[in-house]
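Asker: The lines below spell out each chain.
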Amino acid sequence: MFGGCEDPSRLDGGAWLLCYLTTPTHQSFYLAFGTVLLLLAITAPLSLLFGFGGALASRSAIAPLRWIGRGYIAMVRGVPEIVFFMFGPIALDQAFEYLRHRVMCPDWSEPVRRGNDFVVCTAAKLPLNADPQWMHEIYGFALAILSFAIVYGAFCGNTIRGAFDAVPKAQIETARAYGMSQRQLFWRILLPQMWIFALPGLSNIWMILTKATPLLFLLGVEDIVYWARELGSAKTRAYSFPHPNWQLWYFLALLVFYLGLTRVSEIVLARLNRRLNHGQATLAGTGRMAAGR
Amino acid sequence: MSCLATIQAYGLRSTGIGERLLPKSDFTLCEQIVLIGSGMIWNVYFGALALAFGFWLAIAVAVGKNAGNPLIRVPASWFIFLFRGSPLFIQFFLAYQLFVLMPKVGLSFDLGFVEIAAETRWFTRAWLGALIVLFLNTAAYTGEIFHGALRAVPVGDVEAAAAYGMNSWQTFWRVIWPTMMRLAWPSYTNEAIFLFHATTLVFFTGFPAWRQSGDALYYASYFADKTFNPFVAYPIVAGYFILLTLGIIGLWGMIERYLNRHLPREQRQRARIRLPLMR
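Order-wise, the sequence lines are chains A and B. By this note's numbering, the letter at position 130 of the first sequence is numbered 130, and the numbering carries on one by one without gaps. By this note's numbering, the letter at position 268 of the second sequence is numbered 268, and the numbering carries on one by one without gaps.
These are calculated hints, taken from the structure and not from any lab test. Beta carbons are placed, not taken as given, at the ideal position from N, Cα and C, and that holds for glycine. Possibly wrong hints are sitting among the right ones.
[To be verified] Simulated restraints, written as ranges between beta carbons of each label pair:
(1) 257(A) / 127(B): 25 to 35 angstroms
(2) 71(A) / 257(B): 25 to 35 angstroms
(3) 44(B) / 14(A): 46 to 56 angstroms
(4) 246(A) / 125(B): 19 to 29 angstroms
(5) 165(A) / 28(B): 19 to 29 angstroms
(6) 49(A) / 71(B): 21 to 31 angstroms
(7) 264(B) / 165(A): 51 to 61 angstroms
(8) 173(A) / 258(B): 33 to 43 angstroms
(9) 21(A) / 75(B): 26 to 36 angstroms
(10) 125(A) / 75(B): 53 to 63 angstroms
(11) 71(B) / 267(A): 18 to 28 angstroms
(12) 125(B) / 125(A): 39 to 49 angstroms
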């Protein structure tokens, strides 16, 4: 990147380090921080949507929909998330391919699952064998995002469901007395107030989500953990920048990154909480509680 | 191989006892259930020991974070922030790298009647290294829960203790600590459940499985990789963990009933603070 980096063996000290930290592989490492933030930016709204859907389904008047909603919300309680992350992408991949297989190759007679193999017709493969490498990478990333969103959607669903129940009953009764329809009651009373009760729980899920992002590595995405391991491992004289095992330093950098992310999130969420509570008939809202904790 | 023979061969496989070689092909359902169940030994080992040790450190950390002296308060707060603010995944990686860099020496402790030989290389093994990380991690999370509960102890209780002439040690262990436990217990139940879930990370991070002795998820992913079928092995792990979670809820519920035994029945539900704490 900088001039004079062509022959690193003749450099030393600060110049060597500067050249070392700006190699193309290091730039991929820095871009991977963007991958993590991108994952968060896509997954957080998507989980919220899934959670909202789950919470609404679990409150539905239609019994089968209610069961599905409740089952979905209860799903995450007893099982480690990582089991879902190991299971999710393969299961989703096979489900998509199987559906495409049924639609695109209806006259295929052999079974799809043969012993230890999962075989669908060539046209149903996702992505197609002929597709370029970046399509495969995007597809893998999309499966990872979908798995994250499903799991944390269930977390959100749990919180949002509780928040709907926490809206004071007297307000609902008042709305009914005013002659509001069920739809009006939902949009004017329940929904705007629900967020205040949901925010502490949702903040907490955001924290969990940020701390779950290194699991991307287990799903085969080239994220910061992948690069930290790659770049940190010992490099012999065959490389232009030989160094001993520096993984400790790379992981320290990741630790600092995550601590910073946590701190910033805490500050932003506390501010949001103050704003949402403003004017509420609670201790925090009337300002009688000395600025919280 | 009959299922009984499978249990004999693989029931304790994760601890290194029994058949050396894992099944290679034509997995039966029995083999999967037995081997994954044998992996659960590790999950229970990590979870139980980390909770048992972490509980006491958490009390110290909670009291430390509440202390007036900044020399105690600041390190305690930083300890909590460090372990709660970063992913457990990264903590495992980092700890493993630290332990690998430690000089490889053998130590021996003379306890008078028995001599214990220890080696620093044990730290790079999951049974000790990962346990230390989980211990510190749960101590930080639990410390934050206990700190919240400590701040919620009614001030009248402490004043009454002072009026009885108790010193601060007596006040803490006889008055503050029991109330703190009672207030914190529902959140602590949550923490215990999530700690057991976190034990599945051990063999997927820095700590290598030695001689293919891993935890439940390690064996489940072994089967899923070999058969390319996630729909059998992972639901088995899920089933084991649901049973474990129910067990924890049962055990912690018993302790909670014991803690609240002096309260009239209708107040028992009210005496709790609900911290939305999850991992």
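Asker: Decide, hint by hint, whether the structure agrees.
Answerer: Hint-by-hint comparison with the structure:
Range check, residue 257(A) to residue 127(B): Cβ separation about 30 angstroms, and the 25 to 35 angstroms hint holds. At roughly 29 angstroms, the beta-carbon separation of residue 71(A) and residue 257(B) lies within the given 25 to 35 angstroms, and the hint holds. Checking the proposed 46 to 56 angstroms range against residue 44(B) and residue 14(A) shows it holds: the Cβ atoms sit about 51 angstroms from each other. A hinted range of 19 to 29 angstroms holds for the C-beta pair residue 246(A) and residue 125(B), which are about 23 angstroms apart.
With their beta carbons about 46 angstroms apart, residue 165(A) and residue 28(B) fall outside the hinted range of 19 to 29 angstroms. Between residue 49(A) and residue 71(B) the C-beta distance comes to about 48 angstroms, which lies outside the given range of 21 to 31 angstroms. For the pair residue 264(B) and residue 165(A), the beta carbons lie near 26 angstroms from each other, so the given range of 51 to 61 angstroms is not met. Roughly 40 angstroms separates the CB atoms of residue 173(A) and residue 258(B), a value that falls within the hinted 33 to 43 angstroms.
Distance hint check: the CB atoms of residue 21(A) and residue 75(B) are about 32 angstroms apart, consistent with the given range 26 to 36 angstroms. The given range of 53 to 63 angstroms is respected by residue 125(A) and residue 75(B), whose C-beta atoms sit roughly 56 angstroms from each other. A hinted range of 18 to 28 angstroms for the beta carbons of residue 71(B) and residue 267(A) is consistent with their spacing of about 26 angstroms. Against the hinted window of 39 to 49 angstroms, the Cβ-Cβ separation of residue 125(B) and residue 125(A) comes to about 42 angstroms, which satisfies the hint.
Hint compliance for this structure: hints 5, 6, 7 are broken, all remaining hints hold.
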